[in-house]
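Student: Next come the chains, spelled out residue by residue.
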Amino acid sequence: MADEPLVLGIETSCDETGVGIVRGHTLLADAIASSVDTHARFGGVVPEIASRAHLEAMVPTIDRALEQAGVAATDLDGIAVTAGPGLAGALLVGVSAAKAYAYALGKPLYGVNHLASHICVDQLEHGALPEPTMALLVSGGHSSLLLAPDITADVRPLGSTIDDAAGEAFDKVARVLNLGFPGGPVIDKYAKEGDPAAIAFPRGLTGPRDAPYDFSFSGLKTAVARWIEAKRNAGEEVPVAHVAASFQEAVTDVLTRKALRACRDEGVDHLMIGGGVAANSRLRAMAEERCADAGITLRVPRPKLCTDNGAMVAALGAEMVARNRAASAWDLPADSSLPVTEPHVPDPSAASDHDHDHDHDDHDHDHVHELSRKNLYA
Amino acid sequence: MLALDTATPAVTVALHDADGDRTLASAHQVDARRHGELLLPCVDAVLAEAGRKLAEVTDVVVGVGPGPYTGLRVGLATAEAFAAALGQRVHGVCTLDGIAYASGLAEPFVVATDARRKEVYWARYADARTRSTDPAVDRPAEIEAREEGIGALPAVGAGAVLYESVFRGVRHDLPADQSAAALARLAAERLARGEELLPPRPLYLRRPDAQVPANYKVVTPR
Ligand SMILES: [Zn+2]
Chain B
1 MADEPLVLGI
11 ETSCDETGVG
21 IVRGHTLLAD
31 AIASSVDTHA
41 RFGGVVPEIA
51 SRAHLEAMVP
61 TIDRALEQAG
71 VAATDLDGIA
81 VTAGPGLAGA
91 LLVGVSAAKA
101 YAYALGKPLY
111 GVNHLASHIC
121 VDQLEHGALP
131 EPTMALLVSG
141 GHSSLLLAPD
151 ITADVRPLGS
161 TIDDAAGEAF
171 DKVARVLNLG
181 FPGGPVIDKY
191 AKEGDPAAIA
201 FPRGLTGPRD
211 APYDFSFSGL
221 KTAVARWIEA
231 KRNAGEEVPV
241 AHVAASFQEA
251 VTDVLTRKAL
261 RACRDEGVDH
271 LMIGGGVAAN
281 SRLRAMAEER
291 CADAGITLRV
301 PRPKLCTDNG
311 AMVAALGAEM
321 VARNRAASAW
331 DLPADSSLPV
341 TEPHVPDPSA
351 ASDHDHDHDH
361 DDHDHDHVHE
371 LSRKNLYA
Chain R
1 MLALDTATPA
11 VTVALHDADG
21 DRTLASAHQV
31 DARRHGELLL
41 PCVDAVLAEA
51 GRKLAEVTDV
61 VVGVGPGPYT
71 GLRVGLATAE
81 AFAAALGQRV
91 HGVCTLDGIA
101 YASGLAEPFV
111 VATDARRKEV
121 YWARYADART
131 RSTDPAVDRP
141 AEIEAREEGI
151 GALPAVGAGA
161 VLYESVFRGV
171 RHDLPADQSA
181 AALARLAAER
191 LARGEELLPP
201 RPLYLRRPDA
211 QVPANYKVVT
221 PR
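Protein chains in written order, with the UniProt record's numbering: chain B, 1 to 378; chain R, 1 to 222.
The following block holds chain B by itself, in its conformation from the complex:
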């Protein structure tokens, strides 16, 4: 349908420079430049290296996306960009470029939320999101359970990790096993050869008194490291495949168990899983099985759309255009801790475009990067 909004989306919140172009729910281009190889030797993403790489890759990646999509920049209905959360310096490169493109082309600018984009990307795979949608977002940066009655205006956090993100636990366990960075794909590979029941690793925050939707992977990570150390100290060989399989089983068991419980408690019959860890084969298989048993429809985008990319930002931008949400102002800031309750950052001088007031009175969130240890959702 030619009258659906044509939107270009820019994503630079971490180490991928992503530019996507969508028309409504149709993916036209998904161009990515990654600096992950540069970060590998540091065992994690180095913000300044990521920011430098974004600046180098920005314009060429935009050009590549336009070429892939076969559309002229002048035909766009809007430019969307990740305004947060993410690495401040990295976000700023994308936000600056997006503003300049939008301004130069005379198009509206939509600063959108990275997490809401992870959810909205599924529209490119499975069509319009059911309302509400339950979403489990799991990656190296986030682990959250979100309830989204309206992806452009109403996203509610039910729970999130109180310590490490799920992807971080994969990275750290891979490091202890000397398997390199990033840890997700390599753990997945070894786990296929191992027994998931070989070692009983702990399931964090699953006791009856624990917060039902929060996650904790720090204890699991430590338990795995101790177990490996004990083996090594005893001079025994570490059964890498069994460790990988048992660790992965513990993570995916907790993730799916809590997501399904949230669906049941909230009466939601759709579960969406996104973020880099959604590419994990065991998580996909277990979620499929458990959702089928519970009569819940599972929606997981293809792996390339689960990891950070520009298409997801374009998808949410297109939804903003379709629903007539207010555009952002030219002084849109990059907000490293943009709360998930703000799916986009409308021009504050524009009339409210929300049909219900949510959280806008509580606007002064902290710019704090360290999580407090207390349970935020108890």
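It is worth saying that the hints were derived from the structure and are not from the lab.
Keep in mind that the hints are not guaranteed to be accurate.
As the list claims (entries may be wrong) - Residues from chain R that face chain B, not an exhaustive set, calculated with beta carbons under 7 Å:
(1) Gly-36
(2) Pro-41
(3) Asp-44
(4) Ala-45
(5) Arg-52
(6) Leu-54
(7) Thr-70
(8) Val-74
(9) Thr-78
(10) Glu-80
(11) Phe-82
(12) Leu-86
(13) Val-90
(14) Asp-209
Just so it is clear, CB atoms sit at the ideal spot from N, CA and C, and this is done for glycine as well.
Please build the complex by placing chain R with the ligand on the supplied structure of chain B, with the hints as guidance.
Tutor: Using the frame of chain B, we list chain R with the ligand on its own:
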């Protein structure tokens, strides 16, 4: 010609008519932490004041630093995206050269800007148009120890003002901040002489700190 520079605490934008050699409009704000928020509104204000559209601009001139990275990238990303969207030419100019040009000095002098971490970005000049050393980043005391007589030279820039104990010849009567109007005039002068300007690539002069932060991406609404 549209000139902008975000390599110092200043966000500075100017629209320059190269044929008439005059500045049509300019804007200047100083806030080292808000480059990203201030730049586009400044560009918009400058164009509005001059009654021009961005699409009429043929050349974008951008200060390539050296400067603290985060701010520096705002100007470069913006200039490159303008140029890519509208097919404009984009030229880089060393930020220190702009400050030197604005000084109008005819004798040898030094330009220094604040590089934070107790260091300055600096270079020596033979006169306002002629840089005689590559831009560098150093502690002021080390420059003094290595470069004989540097403390006695006239000095301009916020780095010289900040470390006046080393840059004793600091000229308080000359502008310490970057001016995009001066940057545009310098670029126009060089282009008119048929000189090549720099590509729009940042002068960082330091390697990135290779430190991985803990919990770098966390979302916790209260
Ligand atoms: Zn992400």
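Student: Compare the structure with each hint and give your call.
Tutor: For each hint, the structure was consulted:
1. With a cut of 7 Å, the hint placing Gly-36(R) at the interface with chain B holds, because the nearest CB-to-CB distance is about 5 Å.
2. With a least beta-carbon distance of about 5 Å to chain B, the hint placing Pro-41(R) at the interface is held under the 7 Å criterion.
3. Given hint, Asp-44(R) at the interface with chain B, holds; its Cβ is 6 Å from that chain's nearest Cβ, closer than 7 Å.
4. Nearest Cβ of chain B to the Cβ of Ala-45(R): about 10 Å, over the 7 Å cut. The hint is violated.
5. For Arg-52(R), the shortest C-beta to C-beta distance to chain B is roughly 13 Å, which exceeds 7 Å, and the interface hint is violated.
6. For Leu-54(R), the shortest C-beta to C-beta distance to chain B is roughly 6 Å, which falls under 7 Å, so the interface hint holds.
7. For Thr-70(R), the interface hint holds, the least distance from its beta-carbon to any beta-carbon of chain B being 5 Å, beneath 7 Å.
8. Using the Cβ-Cβ criterion of 7 Å, the hint placing Val-74(R) at the interface with chain B is satisfied: the shortest such distance is roughly 5 Å.
9. With its C-beta approaching chain B no nearer than about 4 Å, Thr-78(R) sits inside the 7 Å limit, and its interface hint holds.
10. Look at Glu-80(R): its Cβ gets to within about 5 Å of chain B, closer than 7 Å, so that hint holds up.
11. The closest approach between the C-beta of Phe-82(R) and any C-beta of chain B is roughly 5 Å, which is under the 7 Å cut-off, so the hint is satisfied.
12. Of the supplied interface hints, the one on Leu-86(R) holds, with its beta-carbon coming within about 5 Å of a beta-carbon of chain B, less than 7 Å.
13. Hint status for Val-90(R) relative to chain B: violated, with the closest Cβ pair at about 10 Å, above 7 Å.
14. At a threshold of 7 Å, the smallest CB-CB gap from Asp-209(R) to chain B is about 6 Å, leaving the interface hint in force.
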